[in-house]
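Taken in order, these protein sequences are the chains called G and E.
For the first sequence, the positions run 1 to 115 when this note's numbering is used.
For the second sequence, the positions run 116 to 228 when this note's numbering is used.
If a hint is listed, it holds; no wrong ones were tucked in.
Here are the computed distance ranges between Cβ atoms for each label pair:
hint	chain 1	residue 1	chain 2	residue 2	range
1	G	Phe-51	E	Thr-172	20 to 28 Å
2	G	Phe-51	E	Met-160	23 to 31 Å
3	E	Gly-131	G	Glu-66	46 to 54 Å
Think of the hints as simulated: they come from the structure by calculation, not from any bench.
Computed from a predicted structure; not experimentally measured.
Think of the CB as a built atom: it goes at the ideal place given N, C-alpha and C, for glycine as much as any other residue.
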Amino acid sequence: AQSVTQPDIHITVSEGASLELRCNYSYGATPYLFWYVQSPGQGLQLLLKYFSGDTLVQGIKGFEAEFKRSQSSFNLRKPSVHWSDAAEYFCAVAAGSSGNTPLVFGKGTRLSVIA
Amino acid sequence: GAVVSQHPSWVICKSGTSVKIECRSLDFQATTMFWYRQFPKQSLMLMATSNEGSKATYEQGVEKDKFLINHASLTLSTLTVTSAHPEDSSFYICSGLHQETQYFGPGTRLLVL
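Work out the full structure: start from the sequences and follow the hints.
Printed below as a string of structure tokens:
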């Protein structure tokens, strides 16, 4: 079965610093990968997704992620973090061979931003 | 685009009563919607897949007679928690599927007293 691992439960970065959130997945074929962000008490907002093609994908709010098949990773990055980026970040992989299947989520990484 | 709404956002009910949660796709048609459950400081767990015009598919361990799902139109799916108990208290989130991507609603927090 597919699985997603987010090794970091909680990360604290200074405002203006760069950010990288790690995500590793387990899936035999080409995965459909997603990053979502969740503010406290809110639903999930899609940051970006990877289906195929260019392995570096750009998302909203200045985020990007790179798909590395050899490492089974899909890490999320941002060059300069803003205080408003503090939230919970979830990496997810589609459970089947297309994006039309349920998502399997990682346990999330909570991002704190300090001045 | 691809906005999903949920209603209500908050609900408090007494043990033994039923609660209905609505999930609407506002600017797209969602043949498929998903219902997830999230406990505090945990990830999302899929409860069921809701397909318009057909019976929902429930994940193992989710009681279909307790969590009734109806997807009667291309823009509306409902989840009814029947005979709710305190252990059903949770954050329920739905998503609508659009172009192979799930767009999530804002969630419904249920507290059963």
